[in-house]
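J.: Single-letter residue listing:
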Amino acid sequence: MNKILIVSLGTSKQLLSSAHLMDTLRENYPHTELHLLIDESHRNYAPLLNHVSKFHMIQSEKIRKIVDGRLFSNGYALETLGENLAEVMNENWDQVINQSNTTLSTLLTTVMITENKIGVSLSDKGTTKHSCDWSLTMNYVNSSARRSPIESNIIQSHLIGAPWRSASEPLKISDEYSQIANQNFGRIRTMKAGDSKVIGISLSQGYDGSYLSKETLGEVISTLLESTQYIPVLLIDSKQPSQKNMVNELNLDFNNSLISINIDLTAFTAVARNLDLFVSPATDQLVLANLMQTESIELRNAEPFAVEPIVSTEHSRVLYFTEENQLGSDIIFSINELFESEMPVETMVTKNKSFACVKDEYGYFFSQIRGDVDLHSELNYHISRSIFFNLLGYPENQHLFKDIQEKCQKDDLKEYVNIVRSDLTGVVKILLATLRALKGMRNSQDSLNSFLGYYDQLLAYGTQDSIVGALIRFAEGRVEAIETEDAKENFVQIEKELFELKSNVQRVTEVCGYLMGDLTPETKSTDKTA
Amino acid sequence: MEERYSQYQLVKSKSGLTVPYIDDVYLHSMYSPAKEAEGFAKLHEETLKRKKNVIVLGLGFGYHVEEIAKILNREHDNYRILIIEPNEQLYKDFNEKRKFEDSNIIPIHTKDPESLFLRRDFTEFLLSSPAILKHDASFMLNKEFFSNLLQYKASTDLNQLRRFSKSIDTFVETSHENGTLEEYIESVMKKRTFTRKDFLTLAFNEIANS
Chain A
1238 MNKILIVSLG TSKQLLSSAH LMDTLRENYP HTELHLLIDE SHRNYAPLLN
1288 HVSKFHMIQS EKIRKIVDGR LFSNGYALET LGENLAEVMN ENWDQVINQS
1338 NTTLSTLLTT VMITENKIGV SLSDKGTTKH SCDWSLTMNY VNSSARRSPI
1388 ESNIIQSHLI GAPWRSASEP LKISDEYSQI ANQNFGRIRT MKAGDSKVIG
1438 ISLSQGYDGS YLSKETLGEV ISTLLESTQY IPVLLIDSKQ PSQKNMVNEL
1488 NLDFNNSLIS INIDLTAFTA VARNLDLFVS PATDQLVLAN LMQTESIELR
1538 NAEPFAVEPI VSTEHSRVLY FTEENQLGSD IIFSINELFE SEMPVETMVT
1588 KNKSFACVKD EYGYFFSQIR GDVDLHSELN YHISRSIFFN LLGYPENQHL
1638 FKDIQEKCQK DDLKEYVNIV RSDLTGVVKI LLATLRALKG MRNSQDSLNS
1688 FLGYYDQLLA YGTQDSIVGA LIRFAEGRVE AIETEDAKEN FVQIEKELFE
1738 LKSNVQRVTE VCGYLMGDLT PETKSTDKTA
Chain B
40 MEERYSQYQL VKSKSGLTVP YIDDVYLHSM YSPAKEAEGF AKLHEETLKR
90 KKNVIVLGLG FGYHVEEIAK ILNREHDNYR ILIIEPNEQL YKDFNEKRKF
140 EDSNIIPIHT KDPESLFLRR DFTEFLLSSP AILKHDASFM LNKEFFSNLL
190 QYKASTDLNQ LRRFSKSIDT FVETSHENGT LEEYIESVMK KRTFTRKDFL
240 TLAFNEIANS
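Respectively, the protein sequence lines represent chains A and B.
When you read off a place in the first sequence, starting at 1, and then add 1237, the result is the number in the working numbering.
When you read off a place in the second sequence, starting at 1, and then add 39, the result is the number in the working numbering.
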């Protein structure tokens, strides 16, 4: 029997997200045992995850307690970790997948016995090894980008060689809970005339600490109650007494007419399936709802894409808010849009930004639907997304440049292209100087310092949040991954990567040409179409 | 240890209950040990409501422990009491003459505090952050032993660590016997090439410091 180990030693969000990966693995390897290495503090999540043959757990909290206590010998801490890992370390795995991409998961992926380590692991020199360019994109490009050109979820799917797809059965749903939830929601749905939409509203606090204030909740609930089409249902965590108090306070304002459900994580999947929409900060519940493909509005108290959205279900929304007092209107606006209703929206002008999840041939992406558009940032995202998918073997998005030309004002586009071209000029100059210095090293060792100086300058451009910056970081990752111990061969490979970078930079120059109408996509010089 | 106690006797209290009399110290009240034990448990009631696991320093003749058990039984579904007693004769006599009926109460006899920390069950119990209650008469009688126990500090030397861990060789090169674990980890971090053991050591360090 083939066995795959998935190392998921990050946050609860990362662990729950592994359900999607396991669903894809199950489809691609139907007869393979899937083992999951997790932290013991996430034990409660185990019953939710489908397809797992066996869970292995690390008792991190216990180990830390032993190390921190003067009474306990660190020998006992080593013994605990040794026992936790004994079984997984003695197994010969067909694949080991570093799913959570943390330092710990990378170290432990490295020590496993397998010919096939997926994602990041370490060489015996301690340098990072990437199983493929997708892994490299995740760790060099996404990690420093203000907005990731490719969503981490999509990258994770490609790490195991599968394109992004909607999960079929990622989570376990208890039959008992399912039956009760179906009955209860069937009743709720018919409380108003006709077949109403049930809007689940979470009172939980998000990973970022944000939550729906009483004022915002009041505004959203009253608008939904006044409509003929919607029924709000408040979802409260039974372990959080403050949420119960909030419901009591709201019920005072709404004559005890509100429906609230006390819910724990195990029962949530059955509930999520019955919701037409789930409104929630970024929480474990939202991750589960998204895996159940329940359309959701994700609330993030941050600048757009400072953190990647959780939602990936088509039509779902992510609402990045900085102005709490406009949040209620933004939520109602999104609900109107999703279900084509016309509930009153208090203000049409908002400082918050809403994005819709849209499916396309690459997987999914986010398109802004409300709030001021930062054109430069939007163009950077869409163009770099197209370039990186192309770099990673996908066909180029032929319609993108035409769409941009059609939808953007010519002057705005010109201003954007001028900025990109200015970036390009600086980078090309340094890149050519780096290549010249590298070539010079064949004749003289003195060029080494010159090469290192230019290469450092080039990497400094890579810290910029721009298309060219992302390409430089990608090249940097490729250079870092060179493993040869032969100095000459090392420089040959660096040269190859720098020429590859030059060709990718040239691609950006061509894109600028398309955008300005100087070139047409048919006249392009390179195409990495798989 | 017996040599330390110049005098050891089991005597009857006025209420008829047995009271150990050691080195001029009665371990319980000579009038009513049961009432005294009730008072002892009552004094710690708030702590016992919060903690379901308790370590009692000093066995005496068990009356105070039984009263503690009554409260724990009332307040918690699963509770455990671990009693530490250094006097071997007292431990033997108690087990012969009374013994606890409640299987949640576990008396341990030892004269060496470190031997306790080498016991896995004791360490696991300590990790559950139990309440520690002193039986004052027993504590005063065995002050040195109990003080050593409470002030125990585990050694960080690698050769000492081996006493606590069979798995240590999975992490630490067998050639390293001197120095502390911290020093060993630092030396691994400075390496230019790494073995499987090194990566495991670094993983341990990552967990310990996260």
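One or more hints might be untrue.
Said to hold, decoys possible - The following label-pair restraints were derived from C-beta to C-beta distances: (1) B:212 to A:1362: 11 to 21 angstroms; (2) A:1400 to B:171: 52 to 62 angstroms; (3) A:1727 to B:215: 25 to 35 angstroms; (4) B:60 to A:1284: 22 to 32 angstroms; (5) A:1493 to B:171: 48 to 58 angstroms; (6) B:113 to A:1284: 16 to 26 angstroms.
To be verified - Counterexamples of contact, computed for chain B against chain A with all Cβ distances above 12 angstroms: (7) 62; (8) 73; (9) 205.
To be verified - Facing chain A, a subset of chain B residues (Cβ under 10 angstroms, in silico): (10) 64; (11) 110; (12) 162; (13) 179; (14) 191; (15) 193; (16) 204; (17) 208; (18) 212; (19) 220; (20) 222; (21) 234; (22) 236; (23) 246.
Derived from the structure by calculation, the hints contain no laboratory data.
Nothing here was measured: the structure is a model prediction, and the numbers come from that model.
In this text, a Cβ means the ideal position worked out from N, Cα and C, and glycines have one as well.
J.: Now tell me if each hint is right for this structure.
T.: Verification of the supplied hints:
{"no.": "1", "hint": "B:212 to A:1362: 11 to 21 angstroms", "in the structure": "18 angstroms, holds"}
{"no.": "2", "hint": "A:1400 to B:171: 52 to 62 angstroms", "in the structure": "59 angstroms, holds"}
{"no.": "3", "hint": "A:1727 to B:215: 25 to 35 angstroms", "in the structure": "33 angstroms, holds"}
{"no.": "4", "hint": "B:60 to A:1284: 22 to 32 angstroms", "in the structure": "57 angstroms, violated"}
{"no.": "5", "hint": "A:1493 to B:171: 48 to 58 angstroms", "in the structure": "49 angstroms, holds"}
{"no.": "6", "hint": "B:113 to A:1284: 16 to 26 angstroms", "in the structure": "32 angstroms, violated"}
{"no.": "7", "hint": "62", "in the structure": "29 angstroms, holds"}
{"no.": "8", "hint": "73", "in the structure": "34 angstroms, holds"}
{"no.": "9", "hint": "205", "in the structure": "7 angstroms, violated"}
{"no.": "10", "hint": "64", "in the structure": "28 angstroms, violated"}
{"no.": "11", "hint": "110", "in the structure": "26 angstroms, violated"}
{"no.": "12", "hint": "162", "in the structure": "6 angstroms, holds"}
{"no.": "13", "hint": "179", "in the structure": "23 angstroms, violated"}
{"no.": "14", "hint": "191", "in the structure": "6 angstroms, holds"}
{"no.": "15", "hint": "193", "in the structure": "4 angstroms, holds"}
{"no.": "16", "hint": "204", "in the structure": "4 angstroms, holds"}
{"no.": "17", "hint": "208", "in the structure": "9 angstroms, holds"}
{"no.": "18", "hint": "212", "in the structure": "13 angstroms, violated"}
{"no.": "19", "hint": "220", "in the structure": "5 angstroms, holds"}
{"no.": "20", "hint": "222", "in the structure": "12 angstroms, violated"}
{"no.": "21", "hint": "234", "in the structure": "7 angstroms, holds"}
{"no.": "22", "hint": "236", "in the structure": "9 angstroms, holds"}
{"no.": "23", "hint": "246", "in the structure": "5 angstroms, holds"}
In this structure, the earlier hints numbered 4, 6, 9, 10, 11, 13, 18, 20 are contradicted, and the remaining ones agree with it.
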